[in-house]
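Visitor: These are the residues of each chain, in order.
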Amino acid sequence: MEEILQDLKEAVIAGDFQDAVELTTELLEENVSPKLILDEGLIAGMGAVGEKFKAGTCFVPEMLIAARAMQRSLDVLRPSLVNTGVEPLGTVVLGTVRGDLHDIGKNLTSMFLEGAGFRVVDVGVDASADKFIDAIKESNAQILGMSALLTTTMTYTGEVIKALEQAGLRDKVKVIVGGAPVTEDWAKQIGADAFAVDAATGADRCKELLMR
Amino acid sequence: MIHSLAYKADFAQTVTRFAAWWEGDLLDRPPVTVRVTPSRPYQGPPANHATERARWLDVEYVVDAAIATMEQRDYVGDTFPIFWPNVGPEISATPYGCELTYTADTSWSTPVVQRCADWQQILTRTPDFTNLYWQTVERMTDYALARCDGRYIVGLSDLHGNYDILAALRDPMQLCIDLMDCPALVRQAGRHVAQGFVAGFERLYAKVRAAGFGTTTWLPFYHEGPAYVPSCDFWCMLSPQMAQEMILPDLLVEMAPMERTIFHLDGPQALRHLDLLLDLPQLNAIQWVYGAGRGPAARWIAVYQRILRAGKSVQLLARDPADALAVLAETGTRGVWVTVEEPFASVEEAAHFVDHDIGGLRR
Chain Y
1 MEEILQDLKE
11 AVIAGDFQDA
21 VELTTELLEE
31 NVSPKLILDE
41 GLIAGMGAVG
51 EKFKAGTCFV
61 PEMLIAARAM
71 QRSLDVLRPS
81 LVNTGVEPLG
91 TVVLGTVRGD
101 LHDIGKNLTS
111 MFLEGAGFRV
121 VDVGVDASAD
131 KFIDAIKESN
141 AQILGMSALL
151 TTTMTYTGEV
161 IKALEQAGLR
171 DKVKVIVGGA
181 PVTEDWAKQI
191 GADAFAVDAA
201 TGADRCKELL
211 MR
Chain R
1001 MIHSLAYKAD
1011 FAQTVTRFAA
1021 WWEGDLLDRP
1031 PVTVRVTPSR
1041 PYQGPPANHA
1051 TERARWLDVE
1061 YVVDAAIATM
1071 EQRDYVGDTF
1081 PIFWPNVGPE
1091 ISATPYGCEL
1101 TYTADTSWST
1111 PVVQRCADWQ
1121 QILTRTPDFT
1131 NLYWQTVERM
1141 TDYALARCDG
1151 RYIVGLSDLH
1161 GNYDILAALR
1171 DPMQLCIDLM
1181 DCPALVRQAG
1191 RHVAQGFVAG
1201 FERLYAKVRA
1211 AGFGTTTWLP
1221 FYHEGPAYVP
1231 SCDFWCMLSP
1241 QMAQEMILPD
1251 LLVEMAPMER
1261 TIFHLDGPQA
1271 LRHLDLLLDL
1281 PQLNAIQWVY
1291 GAGRGPAARW
1301 IAVYQRILRA
1311 GKSVQLLARD
1321 PADALAVLAE
1331 TGTRGVWVTV
1341 EEPFASVEEA
1351 AHFVDHDIGG
1361 LRR
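So the protein lines, in turn, are chains Y and R. Going by this note's numbering, the first sequence opens with residue 1, and the numbers climb by one from there. Going by this note's numbering, the second sequence opens with residue 1001, and the numbers climb by one from there.
Just so you know, the hints here were simulated from the structure itself, not pulled from any lab data. Hints are supplied without guarantee of correctness; some may be wrong.
[To be verified] Restraint-style ranges between C-beta atoms, simulated for each label pair: (1) Y:G124 - R:D1357: 47 to 55 Å; (2) Y:K54 - R:A1117: 28 to 36 Å; (3) R:Q1120 - Y:S33: 41 to 49 Å.
Don't be surprised by glycine CBs; every beta carbon is placed ideally from N, CA and C.
Chain Y extracted, bound-state conformation (with noise of 0.2 Å):
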């Protein structure tokens, strides 16, 4: 089993999501628990990758191949996760801001959130704060993640946290921002509780977030 495991979580890094897709079958017809399955196949996986990003030895095709390969896995995961009582690490509301449609590192980030056992809550592109607002009430949110590729959107983040004051909600919720131009002195500048500087980085700060 544990064989099987490790070459789970290398498929993973190496993307190819047809080998991950049939050990995690594999790894459940032999009733390995769904939780070791996530944490030792999928989550180090990632992990892994996560870690050779922030390297500088692994770059974003590579990445998204893997991502995609942990995805398709929890496809198959999913069910059972669910029937064990498997809990997400917890939730994160996460778009790019309204007026930018760049997605790209808001669905890498997504990815790593879901490889790092978060349940996410994708609004998307051009999100205003309403519906960043709207989508953490229904889901009860822990944190809200917010993107910006643009120096002119890069400020609506802001935006975000002054509704998310009117709204009642800033002390339920901790928000987290990156993208290209967005900087650690931005974040403070605006009252956010952290900054990431990349996608693997957002889903170690979203870790420590909830440990706060």
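Dock chain R against the given chain Y, drawing on the hints supplied.
Guide: Coordinates of chain R only, in the frame set by chain Y:
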């Protein structure tokens, strides 16, 4: 050669300064481009279009408004009046069937490649320059040339190339996945659209050449022959190996018809490909764009020095005069084109910076 423009009497000196800069050389001072806050009111046509799309594609309005804006401005240093037709940089993807959508200040394309196998259809397609968007750019060029009367230079449109065209045709994330799933097909498509880029460039260049102009564009350089700004924003997501094997050959196809080239290197993640560029004998210069929130230019002196040491010229995008001078103190002025992004309050202030602060620097 054009010696003078109605809005820029000393244009000939600017041409010679740029000619030296392209060669990594220096005349009296480096080329300096600056903006001055306009002191005259805008007296052009009002924008009263029913939709943003109608405004973007209204040939006469766009050109007449641009002329009115040029009339408002003062041209200090090596800044000169330019009209370049712009319906969005994804114009390069329209000859392969992409439709464009417009908002007030940007445009984007609708992908036409839905799965890996669809690349095959792109490969069989001869670029169609009769499409609405491309024809609009050509009509804008013609109309701007007809209305020019020695006042300004007509430049080339902003044209994305190679894998940025593929990203418009497919969607950047899906293109990344295709690079892993069907690399051979993508590689063929990259070559196909790079050849299409050249065909498009040559169509537009032929028009300005026939009117006696050299080349300029969204990046306000000047060269008397064919010149352009090769780029690939998509490659910031790729490994150096993938960039070298897949992107570089197509960049070289696109650069082949140019006498002068300045590469638009956008963002810290693209810096990993700088060495690839510095090794290209065909490349004259690099525009290093560090990006919003990552300035000022003085933070990137090591990058400017690396470019200059490799024998390439560079465009220095300085936040303000002090930022420009801080970089020049370390790099020297040879091979540097200085651009100050913060507008000057008056012609006098701008002229003092160009003539005194920059002109007074040791060569």
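Visitor: So, for every hint listed, does it hold in this structure?
Guide: Status of the hints after comparison with the structure:
| no. | hint | verdict |
| --- | --- | --- |
| 1 | Y:G124 - R:D1357: 47 to 55 Å | 48 Å, holds |
| 2 | Y:K54 - R:A1117: 28 to 36 Å | 35 Å, holds |
| 3 | R:Q1120 - Y:S33: 41 to 49 Å | 45 Å, holds |
Of the numbered hints listed earlier, not one is contradicted by the structure.
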